[in-house]
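Colleague: Read off the chains here:
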Amino acid sequence: MTSHLGETPISESGYLQVRDLRVSFDGFIAIDGVDLTVFSGDLRFLIGPNGAGKTTLVDAITGLSKGTGTADFNGKDLIGVKAHKIAQLGVGRTFQTATVFEQLSVLQNLDIAAGKHRKNRALLTWRSGIPDSVAAAAETVGLTDVLDKPAGILPHGQKQWLEIAMLLVQDSKLMFLDEPVAGMSAEEREETGQLLKRIGSERVIVVIEHDMDFVRTFADSVTVMHAGKVLSEGSVEQIQADPRVQEVYLGRTAAAAEADSVAAAGSVAVATDGEA
Amino acid sequence: MSSPTSPFDKFMTPAVRNAYPFVGWVICAVVLLLVFPNILGAVYISQFAQYCCLATVAVGIGMAWGRGGMLVLGQGLFFGLGAYMMAMHIQLADVPKGTAPAYLQNVGVFDDSTLPAFWDPFRVRATTILLIIVIPAVLAYAIGVAVFKRKVKGAFFAILSQALLYAFVTYINANQLQIGGVTGLTGLQHFFGLDLGSSDDQKLLYYIAAIVLLVSIALMIWLYRSRFGELLVAVRDAEERVRFLGYDPANIKLIAFVVSAMLAAFAGALYAPINQHIGTGDFSVTASIMMIIGVAVGGRTTLFGPPVGAIAIAYLQYKLSSEFPTFWQYFIGLLFIIVLAVLPGGIVDLPKLLKKAKYLVDDLLAKRKPATPAEVTS
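Protein sequence lines, in the order shown, are assigned to chains F and H.
Residue numbering for the first sequence follows this note's numbering, starting at 17 and increasing by one per position.
Residue numbering for the second sequence follows this note's numbering, starting at 370 and increasing by one per position.
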């Protein structure tokens with residue numbers, strides 16, 4: 017499959033180029049030959065029905081699941097590399113359920129994320145003051161006032177932001193965000209979207225998202241997955257006009273089959289997949 | 370949803386949080402070095418010296434289990450290794466060269482020609498100390514690499530650590546002529562120039578054991594406050610998340626496990642001369658579980674809970690076993706179950722439980738009140 021952006025990555029900007037990625041679990045093929053090319057500055061959204069393989073794709077690229085094929089990130093193949101080594105190469109991810117260290121303070125959470133930029137022996141020292149990268153990331157996501165609070169007592173939205181701030185402290189150049197705005201209020205979504213736009217100019221960012229309003233507002237480009245394959249790729253308008261995408265989203269309910277507007281495709285997707 | 374905060378949090382201003390480990394440590398030092406030696410008689414002092422050794426093991430368990438989430442059910446393995454290595458050295462040093470150590474004399478062998486070769490390194494004091502440091506560390510490292518790198522966790526790790534201890538105990542029990550068998554190594558007389566039979570020297574050993582315990586607690590104050598300590602808790606609570614931040618969680622767990630094993634070995638090496646005897650009963654599967662119970666009762670995630678809990682349980686065990694020699698274990702088992710059921714964080718959870726109980730009582734009273742005739746008519 018050819019990306020709408022072309023085959024050859026431009027060497028000056030950051031890129032991720034996935035070729036023929038396959039993942040299977042005991043014979044069940046979860047990812048069936050996926051090609052994907054994303055450049056920095058192109059905020060990419062990954063959408064598709066439940067079970068399409070979106071999270072599995074991210075798992076394979078970040079070293080959580082075993083896969084075959086290649087995932088070239090700025091000239092280095094990530095497939096077969098251990099998860100923590102992949103992270104050291106500048107790849108960061110969040111999880112579907114906000115995973116922060118609940119017993120530790122926001123400051124401690126962020127400080128741990130800064131660890132790969134420190135020497136190992138720094139582990140045996142105490143922290144004095146707030147590291148600059150931590151202060152900057154906390155400022156960016158608006159968590160400066162709660163640095164001393166245990167992360168476990170933060171509201172859901174702030175936990176999601178803490179995760180994003182951890183990626184910023186980590187200084188990941190390739191970020192995978194798994195449903196970053198799930199459970200957020202409208203204002204929080206707006207702020208998160210603006211934040212992703214801001215930080216996305218110099219990073220490769222891939223966002224898995226079910227909220228079609230959010231996708232429409234903030235996506236630079238969209239990749240639609242279905243049954244372990246890339247079904248369609250392009251701008252929001254392009255994929256919404258794609259009859260195959262409409263079939264995947266609309267063909268599943270009788271009521272939806274009657275809907276003919278492209279806009280309806282989005283809202284049905286929310287209604288059927290929003291609970292995931 | 371349970372809150373991750375403790376009831377002490379409202380008192381935990383940053384100043385208090387910074388000061389309390391040091392204040393707590395000073396209190397422990399005063400109690401161990403000034404109070405106990407003056408109120409405890411000659412019999413109790415060597416008993417409490419043993420408790421200090423068990424408390425040192427507990428400090429290590431607190432780190433591995435409480436902070437690191439590794440249920441070290443077989444910590445007696447390292448305790449036993451340290452104890453046996455020290456006891457072997459003492460038995461060799463107690464007799465002139467060429468004469469069999471006491472365990473062989475007990476079975477009628479009087480020259481050391483049948484002594485196994487693995488006893489030889491323990492003739493020299495320096496080698497003995499070196500091996501007490503190195504062997505448990507290397508063994509724990511090997512177990513840790515085999516287990517944590519393969520991402521084995523939870524019950525599998527607990528069972529494995531207990532099985533290794535059981536194998537060690539079985540080996541010793543089955544080898545009377547090599548290592549003393551079920552009888553153990555008895556009648557230890559001297560420890561680096563100290564006469565173990567003298568009550569003055571036993572008191573000195575108490576001080577050594579107390580200082581080792583205090584140093585191990587100080588080590589934890591440092592480690593828990595360090596970035597390593599924060600990372601260890603992070604690994605316990607969300608191992609995968611740590612992995613995606615660029616750390617190998619196995620290495621973090623490995624360090625905690627090796628340190629806890631070394632603490633257990635030091636404690637064992639002191640326990641043998643204080644007790645003047647070491648046998649497999651001192652660190653059997655049951656004894657190791659007792660160590661875990663002490664840590665659980667004291668509060669496994671806290672700094673002072675594990676050593677305080679270990680000393681309390683050891684003392685309780687002594688009292689109960691002399692009062693009720695046949696069924697004292699049921700009491701301790703019951704205590705363990707009660708703690709696990711209502712105070713999963715140990716006795717430090719008691720204020721939280723009382724608060725909950727108070728709410729329940731208040732709630733009941735509030736419900737009952739409107740029903741009283743006085744309230745209705747007025």
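It is possible that part of the hints are untrue.
Said to hold, decoys possible - Below 20 Å or equal to it, Euclidean Cα-Cα: the simulated PhoX-like pairs (lysine-lysine) are: (1) H:Lys572 - F:Lys98; (2) H:Lys520 - F:Lys82; (3) H:Lys736 - F:Lys101; (4) F:Lys98 - H:Lys522; (5) F:Lys82 - F:Lys132; (6) F:Lys189 - F:Lys98; (7) F:Lys101 - F:Lys82; (8) F:Lys101 - H:Lys520; (9) F:Lys82 - F:Lys92; (10) F:Lys98 - H:Lys520; (11) H:Lys721 - F:Lys82; (12) F:Lys82 - F:Lys213.
For the record, the hints were derived by calculation from the structure and aren't laboratory data.
Being a predicted model, the structure only gives us computed values, none of them experimental.
Colleague: None of the hints should be skipped; say for each whether it holds.
Modeller: Tested hints:
| no. | hint | verdict |
| --- | --- | --- |
| 1 | H:Lys572 - F:Lys98 | 54 Å, violated |
| 2 | H:Lys520 - F:Lys82 | 15 Å, holds |
| 3 | H:Lys736 - F:Lys101 | 59 Å, violated |
| 4 | F:Lys98 - H:Lys522 | 19 Å, holds |
| 5 | F:Lys82 - F:Lys132 | 24 Å, violated |
| 6 | F:Lys189 - F:Lys98 | 18 Å, holds |
| 7 | F:Lys101 - F:Lys82 | 15 Å, holds |
| 8 | F:Lys101 - H:Lys520 | 16 Å, holds |
| 9 | F:Lys82 - F:Lys92 | 17 Å, holds |
| 10 | F:Lys98 - H:Lys520 | 13 Å, holds |
| 11 | H:Lys721 - F:Lys82 | 45 Å, violated |
| 12 | F:Lys82 - F:Lys213 | 31 Å, violated |
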